[in-house]
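Asker: Chains A and U supply the protein sequences, listed in that same order.
Note that the numbering used here numbers the first sequence so that position 309 is 309, with each residue one more than the last.
Note that the numbering used here numbers the second sequence so that position 198 is 198, with each residue one more than the last.
In short, the hints are calculated from the structure, not lab data.
For each residue, glycine too, the CB sits at the ideal point set by N, CA and C.
Watch out, some of these pointers could steer you wrong.
[Unchecked claim] Using C-beta positions, here's what the derived DEER-type ranges look like:
| id | chain 1 | residue 1 | chain 2 | residue 2 | range |
| --- | --- | --- | --- | --- | --- |
| 1 | U | P360 | A | G306 | 55 to 61 Å |
| 2 | U | A93 | A | R132 | 43 to 49 Å |
| 3 | A | Q47 | U | R142 | 50 to 56 Å |
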Amino acid sequence: MQRVLITGAAGWTGGHLARRLEKDGDLEILGVDDREPKIQFDSHFEQLPLDRLTLAQYVLDVEPNIVFHLHSVHPRSVQGQSKDAEERIVGSLALFGALERLKTVQKVIVKSDTAFYGASARNPSVLSESARPHGSPSRYERNLREMEQFIGDTAGRYPNMSVTVLRFAPIFGPSVGNPISMFLQMRAVPTMLGFDPRMQFIHETDAVSALVHAGNVGVPGTFNVAPEGQIFLSRVLRLGRRVAQPLPSKLFDKALTMLQRANIVIPDDLRGLLKFGRVTNTSAMANTFGFTPAFSQRGIALDVYGRNPETMA
Amino acid sequence: MTAQDLSSLTKKQLIVLARERNIAGRSTMSKAQLVEALSSTEQDVNRPDPAPDAFAGINIPGISPSDRAQAREKRDALYSRLSSFVDTEVHCAWRSSDGHPCGLPVTVGSPTCGLHGDGTTFDCAIPLTGQLGFSAWPRLLRQLSLATYDTDIFGLDPVIAEMVWHVVNMLYFDYFRVDVEGIENIPMEGGAVLVANHGAAALPYDGAMLGLSVMNEAEIPRRVRVIGTEIFNMLPGVSHLYRKAGGAYAAREDARELLARGHLLGVFPEGERGFMKPVWDAYKVGRLGRGGFADLAQEASVPIIPVAIVGSEEVHPTVMVSKRLAMLVKLVFPEQRLDAVAIALNPVPLPIRWRIRFLPPVEPTAPGHELDSLDQLELAENVRVTIQTALDDILSTRRTAF
Chain A
1 MQRVLITGAA GWTGGHLARR LEKDGDLEIL GVDDREPKIQ FDSHFEQLPL DRLTLAQYVL
61 DVEPNIVFHL HSVHPRSVQG QSKDAEERIV GSLALFGALE RLKTVQKVIV KSDTAFYGAS
121 ARNPSVLSES ARPHGSPSRY ERNLREMEQF IGDTAGRYPN MSVTVLRFAP IFGPSVGNPI
181 SMFLQMRAVP TMLGFDPRMQ FIHETDAVSA LVHAGNVGVP GTFNVAPEGQ IFLSRVLRLG
241 RRVAQPLPSK LFDKALTMLQ RANIVIPDDL RGLLKFGRVT NTSAMANTFG FTPAFSQRGI
301 ALDVYGRNPE TMA
Chain U
1 MTAQDLSSLT KKQLIVLARE RNIAGRSTMS KAQLVEALSS TEQDVNRPDP APDAFAGINI
61 PGISPSDRAQ AREKRDALYS RLSSFVDTEV HCAWRSSDGH PCGLPVTVGS PTCGLHGDGT
121 TFDCAIPLTG QLGFSAWPRL LRQLSLATYD TDIFGLDPVI AEMVWHVVNM LYFDYFRVDV
181 EGIENIPMEG GAVLVANHGA AALPYDGAML GLSVMNEAEI PRRVRVIGTE IFNMLPGVSH
241 LYRKAGGAYA AREDARELLA RGHLLGVFPE GERGFMKPVW DAYKVGRLGR GGFADLAQEA
301 SVPIIPVAIV GSEEVHPTVM VSKRLAMLVK LVFPEQRLDA VAIALNPVPL PIRWRIRFLP
361 PVEPTAPGHE LDSLDQLELA ENVRVTIQTA LDDILSTRRT AF
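Isolated chain A, as found in the complex:
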């Protein structure tokens, strides 16, 4: 029987991942996080402060075979929560230190983000995994790069351990409740006047499936995870019958700050994303990693806003 550790199990993705793995059976699942679980699951859950050595101690005690590291980097919001990002980086350091010391770990799956590439007018239109990021990065993007850097170093030292880094496109879905989904499901969505970014999303269930798939196959490497193709932001809002509210950049910033006050979390990389967009090359995901998402870019938008799929008469 294999022992699976999920960090960040209290989140939507972590909870659903645990449920899916429970259904597959023959796995002992342990979830850790620093807050109450959002999604209830049957397996063992431990509430730990993740930025301290307690996490490392815990990992050394339970000796997992497969680790899903979802509690990787937190998108720091525009206001406040600056401590969070720092804590998570330290948590990841502690975790990987412990994994190095253990020799039992076979597969490590890390949840990263395509925000790694930043958002810039000088980014190529289709970003492959080896693309060099341009422009000045936000704090979140810098943290992601830092994390991937030391994960890469660890993986290099321990070739027996298969490390899969999945760079997810923004996860978008009807129930995930992450900042970008909340933002795009508002009645009227502020957009930047004169910009219609090329976006790429991944459906919430596909994100979980990708993690399960990574746990099954254990292909080492870094992969962009998103359905093939792109969708314009205006198109997403049209499909959702949402009102796009184009604002000049100064007013747009003000609107984001006001939303922040109204308790909608706005990650600090959202502004760049809504200006320049981000589209990645997913051929490595399809060919090397061997995963195909069920929802297309249009399918995601139709599903999120509760519309039926399109057909051929």
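Following the hints, position chain U against chain A.
Answerer: Just chain U now, with coordinates in the frame of chain A:
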């Protein structure tokens, strides 16, 4: 169909017929009126309506009536040629999530229209409605608002691209009166790198005209995907429109990706130096960048097609190049890499008669062979000389610029 056949149909069917023939006021007509209107338009159903004259009633100095007639003729020829790609009798089989039909005619030999088809629409520019010009706009706008189709990974939106095509066609036929030679050098399928001289000073007309010349004159109307610098990504408004019209960003990765997908790639390696040539240096082709296009073509093993464009460098004669203005622009767009700005006297482009000559392709050497930097520069220099020779040849035979 005779009047009797028509009157045996239901009113609903008659209205469908009337919509197809564009009969005005059909929604308010009675059944008898519909039958009458339909039987009177019966004769010219099979002949497409002549394309509208874009500049009817407007006199442009420098454009003679014979030019007008010629433009009209060319436009009609193109129109009837392109409408043979579309079967207006059959409608697309696609249904939206709300059960709405697509309503567009199918492309010949396929059950769907260009938008919901298998992606040929991304390389092949066939008018979606089977019509050219502004009369197609209402139906295109409907598609745009329904948003039922996919855009390609670089952001090409076939509907917007077609609307832009209809607009720029006016410049192409009526204003710049483009003459195209050597169109047979464009391959029917697969990628190629089109390398052209750059001019224009105010707006990149040459990119648009290069794209249109291949769409309008080649046997299969293929799209040329022109790549531009990052200023296109930064300018509000332009940033998404140029992408929807089929442009991409001039990064190596983009060019490589476009060629790998078998698109025609349009490049202006002279870059902004070419763009800001003063008028006394017009048609003196500068160094073609660092010859990166040669390497790209070799890597993708596609031919390089040199293109000589006469016209672009005179539409906005540059009288001076200002560094101060560039600093002002930089205040507004601090991310810009801009050293100088070209100043032209005329806000309206001059009605120059354009000539575009596609030169014989330079085939890639054996696949797998890599070019070193010297090979690249040599190849780029050869291409430059080819373009320069063609330009000189065209210039020596023309009597006037207008």
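Asker: Are the hints correct? Go through all of them and say.
Answerer: Hint-by-hint comparison with the structure:
no.: 1; hint: U/P360 to A/G306: 55 to 61 Å; result: holds, 57 Å
no.: 2; hint: U/A93 to A/R132: 43 to 49 Å; result: holds, 45 Å
no.: 3; hint: A/Q47 to U/R142: 50 to 56 Å; result: holds, 55 Å
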